[in-house]
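Number of protein chains: 4
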Amino acid sequence: MSMNSFGHLFRVTTWGESHGPALGAVVDGCPPNIALDAEMLQTWLDVRKPGQNKFTTQRQEADHVEILSGVFDGRTTGTPIQLMIANTDQRSKDYGDIAAKFRPGHADITYYQKYGNRDYRGGGRSSARETAARVAAGGVARAALKALLPDLKITGYMVQMGPHEIDRAGMDMAQITENPFWTPDATAAQTWEKYLADLRKSGSSVGAIVEVTASGVPAGLGAPVYAKLDTDVAAAMMSINAVKAVEIGAGMAAATLRGEENADEITMGPNGPEFSSNHAGGILGGISTGQDVVCRFAVKPTSSILTPRKTITKSGENTEIITKGRHDPCVGIRAVPVGEAMMACVLLDHFLLHRGQIGENQGHIG
Amino acid sequence: MSMNSFGHLFRVTTWGESHGPALGAVVDGCPPNIALDAEMLQTWLDVRKPGQNKFTTQRQEADHVEILSGVFDGRTTGTPIQLMIANTDQRSKDYGDIAAKFRPGHADITYYQKYGNRDYRGGGRSSARETAARVAAGGVARAALKALLPDLKITGYMVQMGPHEIDRAGMDMAQITENPFWTPDATAAQTWEKYLADLRKSGSSVGAIVEVTASGVPAGLGAPVYAKLDTDVAAAMMSINAVKAVEIGAGMAAATLRGEENADEITMGPNGPEFSSNHAGGILGGISTGQDVVCRFAVKPTSSILTPRKTITKSGENTEIITKGRHDPCVGIRAVPVGEAMMACVLLDHFLLHRGQIGENQGHIG
Amino acid sequence: MSMNSFGHLFRVTTWGESHGPALGAVVDGCPPNIALDAEMLQTWLDVRKPGQNKFTTQRQEADHVEILSGVFDGRTTGTPIQLMIANTDQRSKDYGDIAAKFRPGHADITYYQKYGNRDYRGGGRSSARETAARVAAGGVARAALKALLPDLKITGYMVQMGPHEIDRAGMDMAQITENPFWTPDATAAQTWEKYLADLRKSGSSVGAIVEVTASGVPAGLGAPVYAKLDTDVAAAMMSINAVKAVEIGAGMAAATLRGEENADEITMGPNGPEFSSNHAGGILGGISTGQDVVCRFAVKPTSSILTPRKTITKSGENTEIITKGRHDPCVGIRAVPVGEAMMACVLLDHFLLHRGQIGENQGHIG
Amino acid sequence: MSMNSFGHLFRVTTWGESHGPALGAVVDGCPPNIALDAEMLQTWLDVRKPGQNKFTTQRQEADHVEILSGVFDGRTTGTPIQLMIANTDQRSKDYGDIAAKFRPGHADITYYQKYGNRDYRGGGRSSARETAARVAAGGVARAALKALLPDLKITGYMVQMGPHEIDRAGMDMAQITENPFWTPDATAAQTWEKYLADLRKSGSSVGAIVEVTASGVPAGLGAPVYAKLDTDVAAAMMSINAVKAVEIGAGMAAATLRGEENADEITMGPNGPEFSSNHAGGILGGISTGQDVVCRFAVKPTSSILTPRKTITKSGENTEIITKGRHDPCVGIRAVPVGEAMMACVLLDHFLLHRGQIGENQGHIG
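Residue numbers (our numbering), protein chains in the order written: chain A, 25 to 390; chain B, 25 to 390; chain C, 25 to 390; chain D, 25 to 390.
Only chain A is shown next, with the shape it has when bound in the complex (with noise of 0.2 Å):
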């Protein structure tokens, strides 16, 4: 029901503005005796904060997270669990025509009319900024995940840029961390850095998208109907800035397949039942499988952007506006940790959720 929350048994709410002094997040219903601290979320900071390389916003943030609540002695007690990460840089100058002008694209309009006020230094509250609190948050989701399923891996990673696809037969997972896009495709990170470094300089921005593989998921995880776990898969990712469309396996392409293309086959292995393929992503009617969850989401082009748009101010006088400012050329290579932290967030939730109302699986094959 709280707008900033997400999450039923394991509830992150956050809070927080681009241009305040502060924003965090608020983790209730993790489970004691989880080994936690600040360092060990720090990690996951430093792979989202700004600032790393030409390819992402020059705002210079230290994104330090501080454990202000529900730590003792190294673990986590069962209660909440309060993250604050400071805003250090917060340039002001940069931002004045966007006080008087609404940006195409952006949150401005809509946010003005809704609440008739607007943090004209910033996004406000619809700052991409908030997602630091998520990966914050993910951590705490990680360190739980580890003790609960520890065989359990989340993996993001960039799929597209624009209209570059990465060739999904030469992907190679330890290539992700080896280039400024978390792609696994190495001969991809090539083209893209040359296209993003032209677009950059053009002054311009565009899309992406993330995909984000859990493997050691147990199968079990979610409910048939409201309660799916791509129902709320989707809504994790769906509610990051940017991201317009959400894909479980498949995905879209589901729609060209026939029947007998798209069912997994299964068959009985050592180890439980094995699938042929994947289309599924994973969940079945709701339900984990077992098999690898999958799901990519696509991220919008920034609107701020060098090039004059058309727009109108709130006195209603049509105008023209270009945005400068430390912007991100391609949101969605820092969109690669969010997307990893919101899966883990759903993943306890669900391994919560399955463990309070069904204790352990109760139907068992072979």
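Treat the hints as calculated values from the structure; they're not laboratory data. It cannot be assumed that every hint is accurate.
Pairs count within a copy or across copies, as identical chains cannot be separated in the list.
[Claimed, not checked] Here are the computed lysine to any residue pairs in the SDA-like style, where the Cα-Cα straight-line distance is at most 25 Å: (1) K334 - H388; (2) K177 - A123; (3) K170 - R379; (4) K78 - K348; (5) K338 - A124; (6) K225 - N77; (7) K334 - R224; (8) K170 - G383; (9) K338 - G387; (10) K170 - Q386; (11) K170 - N385; (12) K170 - K338; (13) K177 - P45; (14) K78 - K170; (15) K177 - G383; (16) K338 - N302; (17) K334 - S300; (18) K348 - N141; (19) K348 - T291; (20) K170 - E384.
Given the structure of chain A, go ahead and fit chains B, C and D onto it with the hints provided.
Leaving out everything else, chains B, C and D in the frame of chain A:
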């Protein structure tokens, strides 16, 4: 939190299985004094109900809806509205083989693993019959929207069947009700008719893409982060059986766009802001713009097909299965009214949430 | 959030009015594979149902409960359980005067002001008939508790009627079912019988105090702050019609105690910690201690009486009203099984929440 | 669902422990454009803060509240408001004995059993310091209520300390701020002063009853069943540490009344309905009547006393404990502003819920 509920202030809880005596929905939070009777709901159910032509399952269900509570003297009372639909055609003989084997692509295997039980006569809670309850509940939402937002209009239609997309240049909304596919492209309807007839004869099935548009949505519904209007639209659509992807506005294609292509320019019109295009799908920063809210979702092909497929039994033996019975060759067709119903529920819910927190929009332009 | 739901993981949504065709409850989140049939639930409903002796309303309702979903082959499936109870005795002729006037002490006036409508034939949604749905849902909770916590036992009984308290020295739990008042004090039952017979003849009514005790509750259920076990017990009981106060353990009398009188001393027993007394009512810091959970609630007298009372009409005219009809002279009597049902729902819900977040108790003593 | 949240549309999530660096609350759902600054909140915190006289704990806490988000240019933005209060006085040396032993009457034993950890320096999450966050959040609610319902006034005061009740005939609301007990009975204040000074010297403690009244509450807030206004008031108060009972209106005494004594008669006054009395405590059938909303709650004596009490250690050995340290001889005193804060949160939440579902009251009298 509840596994079988959807919505915040306008909250729908559905219940019932494919082969139980009845199914239905409790609708909680509907505003009082809305004109409502069973006939109004029946109109929407008649659109969804099976057996209407050769392209949908031949299961014969009257889908007769009864209102058991929450309406007095033809008006809603503001208390829970119980909607009940009896199951009448439950020919169990068709389902014999399913008791022992898991149908690939269906929820059978995950459902059994989680719950340790399975109603072998049909899909149990995973059956698409659950969507009848959604359509009934959506009818309540529409009745309320008619009173509260009389200009709002929700239109669902098919835009792709298998590999065959419609030609958007040839869209004519008046055509939607003139063909069995709810498509606005009369030429596509002809192509699809032959294509699907062939598929049906061969015992196969195919996926589809459904688009749902809402016009007349006031600016201001939604919130910047987790309670984004698009988050709830995505969750609503992804919660429907067989849906594998959801797009808002430009959707997955947003990834291919540059900033200057994607951001919809704004000009001042006689009645307020106007947009040069609608890549945003009517939602900016999680909040409605006043433009049409546009979403699309992909429905996978039903996995009930006549081609033998490899699977396993409960005892873990490898085997094959073909799924006879009365099935939809393209379940996407019947998903059209379901998508409309979910859109109605989400929009009413967000209207009530907005009225609760904000009252009326606080910012005025011009 | 939902206005007509109760519980978190085990969530009950009730629906229906006093004079509609039926009422009932959807029970969501029940663990699967719990033995359950309508007969088991009927046992509890028969305890609550009206017309069983001269001290309860003479409305004749079979209160026959049907299970419409969520149970297959005599076991819960883990999906929503719809419980329906038809209304059969709705003699509207008794209620004529009520249509025009607001009955003092009843919900009539507030209900009308809020919703702008009122089912003049009875209390509508405010009728105590709603509690039949609670008792049915409580029966589901008890069935699950029987499987999950077999030592748990819930006992409700009356401890005060009007000014007449029971003598706790003379409590004999075996007496509870031996008198029409569900009281463990046989002597009090005799006093009350004469007292209430006189009241009934004079067309008056009286309040009562009900105590509900749960033994066999494991230590560890609840949480330190908002999800305190006592918070949910208090909310559960206060949500019952006509309840005006809830006490846990020493209750209001805790105000009169000094620290050394109130704090229950702890010693080590053969099976773990033991307490010298139970002022805490089995709950310390919001979490169960393993002692009996003890709550009491006060039920006001029904406001349907034969003495003329000043009131007003819808049009705002001063007038008087007497409420004829079939009413309980002491509704507290029939609140006993309702209180038991609510306790069952709360305890199951908290057991599932605890299992979800914690798994098993993390701290061991000794 | 969240274990540390309270409220529906206006939702408060608190975090922090007695001996962590800070504690606070995230307030979500506050309407936008409400005048708010830290100073306004500080006023309320100063009322609750410890060490103000000899009758409250000598822990020295400035209880200085900072607003970290959700307020811009002195007005709420409609996004989450993070309130932070640093812990400054955490003298751990006082708490030595507690590390090994469970204090009777405190949450120590249940907390440890559940979570398997315990911050031996203080009560951890169970500490009454959590209530500082409630008071801060309540200050936000009051600021919003001031704008939305300017006639609303919330007043809390002590009506009983140990065995000593106030004389209601001698109530003078102007006296409340004139004595250290927040009591409207100046004579009682004198009696209590001597009584409590003696208790404090002897190292004992005592319980109390606090009454909270809200005048100017419009008719129509609440709902007939689970979302009853009294349900949420009861839950709010019971969620406060050390509270063991909650009464609405006549409360427990309603049990002793007959129907003609209890039902408040209604007459038509110049501004709408008037009631001859207020046994209902301003709530009929779960919905506010427009009369004063009146609740009372009992606070048990603190269990930190100097008399040796039997207890056990973590390893299960019998022992004794006395609790030195800086404690309140009557924690009921400091519960007064906390009760007021909770009432403010509940009333604002129900006002927003009402506005969401209903808009404005639908029924008009006269």
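How do K225 and N77 come out at 25 Å by Cα distance, when the copy is not named: within, between, both, or neither? Within. Shortest intra-copy distance 14 Å satisfies the 25 Å Cα cut-off; inter-copy 57 Å does not.
At 25 Å max between alpha carbons, let me know whether K170 reaches N385 within a copy, between copies, both or neither. both (20 Å within a copy, 20 Å between copies)
Pop the pair K170 and K338 into one bin, within, between, both or neither, using alpha-carbon distances up to 25 Å. neither (50 Å within a copy, 28 Å between copies)
When Cα atoms must be at most 25 Å apart, do K334 and R224 count as within-copy, between-copy, both, or neither? Cα proximity of K334 and R224: one copy only (21 Å, versus 51 Å across).
Between the shortest in-copy and the shortest cross-copy C-alpha distance, which are at most 25 Å for K177 and A123: within, between, both, or neither? Neither. Shortest intra-copy (44 Å) and inter-copy (34 Å) distances fail the 25 Å Cα cut-off.
Same-copy or cross-copy closeness of K338 to G387 [CA-CA at most 25 Å]: For K338 and G387, the Cα distance is within 25 Å only across copies (9 Å; inside one copy 60 Å).
Given identical chains, is K348 near T291, meaning Cα to Cα at most 25 Å, within a copy, between copies, both, or neither? between (57 Å within a copy, 21 Å between copies)
Intra- versus inter-copy proximity for R379 and K170 (alpha-carbon distance at most 25 Å): This pair counts as both: shortest intra-copy Cα distance 16 Å, inter-copy 19 Å.
Classify it for me, K170 with G383: is the Cα-Cα distance of at most 25 Å met within a copy, between copies, both or neither? both (19 Å within a copy, 16 Å between copies)
Could you place K170 and E384 in one of the four classes (within, between, both, neither) given a Cα distance threshold of 25 Å? both (18 Å within a copy, 18 Å between copies)
When no copy is specified for K338 and N302, does a C-alpha distance of 25 Å or less occur within a copy, between copies, both, or neither? between (50 Å within a copy, 21 Å between copies)
If the cut is 25 Å between Cα atoms, do K78 and K348 qualify within a copy, between copies, both or neither? Classified as within; 16 Å inside a copy, 58 Å across copies.
Checked against the numbered hints listed earlier, the structure breaks hints 2, 12, 13, 14; every other hint is satisfied.
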